[in-house]
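S.K.: Spelled out, the chains give:
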Amino acid sequence: MTNWFKREKENIKTLTDQKRETPDGLWTKCPSCKKSLHIRQLQDNSYVCPFCDYHHNIGSEEYFQLLLDNNEFTEIAADLTAVDILKFVDTKPYSERITATQKKTNLKDAIRVASGRMNGLEIVIACMDFDFIGGSMGSVVGEKIARAVDYAIENYLALIIISKSGGARMMESAMSLMQMAKTSAKLAILAQHKLPYISLCTNPTTGGVTASFAMLGDINLAEPKALIGFAGPRVIEQTIGKPLPEGFQTAEFLLEHGFLDAIVHRKELKETLTKITRHLLPE
Amino acid sequence: MASVILDFEKPIIELEEKLTLMKKMAEESKLDISGPIKELEAKILQLKKNTYQNLTRWQRVQLSRHPDRPYTLDYVYGLCTDFVELHGDRHIKDDKAIIGGFGTFEGQTVMFIGHQKGRDIKQRQYRNFGMPNPEGYRKALRLMKLAEKFNKPVVTFIDTPGAYPGIEAEERGQGEAIARNLFEMSTLRVPIICIVIGEGASGGALGIGVGDRVLMLENTWYSVISPESCSSILWRSWDYKEQAAEALRLTAKDMLELKLIDGIIKEPLGGAHQDPQGMLKNLRKVLKHQLAELKEIDTDTLVQQRIQKFTSMGVFATE
Ligand SMILES: [Zn+2]
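So the protein sequences, as listed, match chains A and B.
Residue 1 is where the first sequence starts when you use the numbering used here, and the numbers rise one by one after that.
Residue 1 is where the second sequence starts when you use the numbering used here, and the numbers rise one by one after that.
Since the hints were made in silico from the structure, they are not lab data.
There are no misleading hints in this set.
Calculated lysine-lysine pairs in the DSS-like style (CA-CA distance at most 25 Å, straight line):
#1 Lys253/B <-> Lys87/A
#2 Lys149/B <-> Lys93/B
#3 Lys194/A <-> Lys149/B
#4 Lys241/B <-> Lys92/A
What you are looking at is a predicted structure, and each value in this text was computed from that prediction instead of being measured.
Produce the entire structure from the sequences given, and follow the hints as far as they go.
M.R.: Here it is, written out as structure tokens:
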């Protein structure tokens, strides 16, 4: 399911990676057009390349800043951290992986949940961080989404989830698999309350995340050219034994095949999300 | 005799061959060697017990894939005499990797749904090796909704190496199909019992796996990923499947200890394929008991408890 871990090493670079590659951390190279960009230039352009329109991979910090008024929000369940219940060891122990990743990224896990205002409209928003073990979903991601749903119900709010993930977290084995059922069951409860859930798929949204909450929005949106799929392209290629068609598993491909309501440019994201949320909320 | 002999079964087979030889000798020579024969029989039984009770996780994975194991339709036809198979998702086609239909079990109509594998090469291809496309999951959901409408319990059999990774599968929304099933199954207003009868690989298994009772046969596995794929991704080599199987804690016993399933159904000594009738008897007994238990629960409570069960899965700390 988490075949995307391989890709992470190669072509899915996050802004944090890019910044780390420059000595003063102020200049970066666009992974798409290879032009040099000043970080400020990117920030002022909603983290979209001013030359080629490439949507740079950003995390919860940047999305909250882009979407929430004055970057003001209250974080929900911020103190949850992963537990290595299986004592999982591959090339290194999972427990060490968690600690090292927390230190490196300054994140607790692969998702953050916030409540705040978007153009004055109070919302709950959960946003995944690809920097944290490929944005993989383990118990913490599942529980935080559950808490986000609870908060939305308690406070009668719309829920937005921004997905960016390689899938379920292998180091939590079946425990992470069951987070697919957990988050889906939670969203079923939210649906019973007739509260809106908007899913935004960003680059990449794959595996167990696609096969659970990312595809369950009342409205499913995506950023341009985001990679969205269930199986990894490499696995598919190996299985069918021939190269994949151009544009396979992109946001545009999913829109064409009927699995997205719309593709939204990042510069229009806040306005579009606000409009949709207002349409869905009761009068 | 089994069509495939696994490595760890070889010493048993050798002794069994010796026993056959001894018996033949006794008959031909009219010598009384009933003592040594009995001794050998006892020795074989002991060796079997030792072997099958102490299997490594990888060895259980091998058993779960034994080509002689009963598949979904074997169980369904064993459990009821009037099974009617129902086909198609009403949109695209009929997926042969998932079957479903009504049958009478212990006096009541049950909707049976399950992954279906094939036994010979032709059948295996026909069943796509038990790897469903989205239309398989959508057929399963259609049948579950049908069962809900007519208030019949649902029993699912899980046995898949995973949802099919193909171009058409992605075009038709494999992810959405599985997600929709998880969403709908969590609130379906009839009892659901899910039983892993072979392989329980990731989302492809879970796609028909959300139930009031989730059970596993003794020699089956359930995991987020197969040991082979896990090895290739985390160790970057196909050679670590044994270690991966250990790390993933994927056996029925592991799953019960982690409180991710509700029970284990015992298999005959040596595995379900060694004594399919014995396996069926165990299954029938458990299924009858569980269905009776769930029937007593009112629908609102049933759904609430199901949601409660899945939403409380997960382990985390606060810092
Ligand atoms: Zn560019």
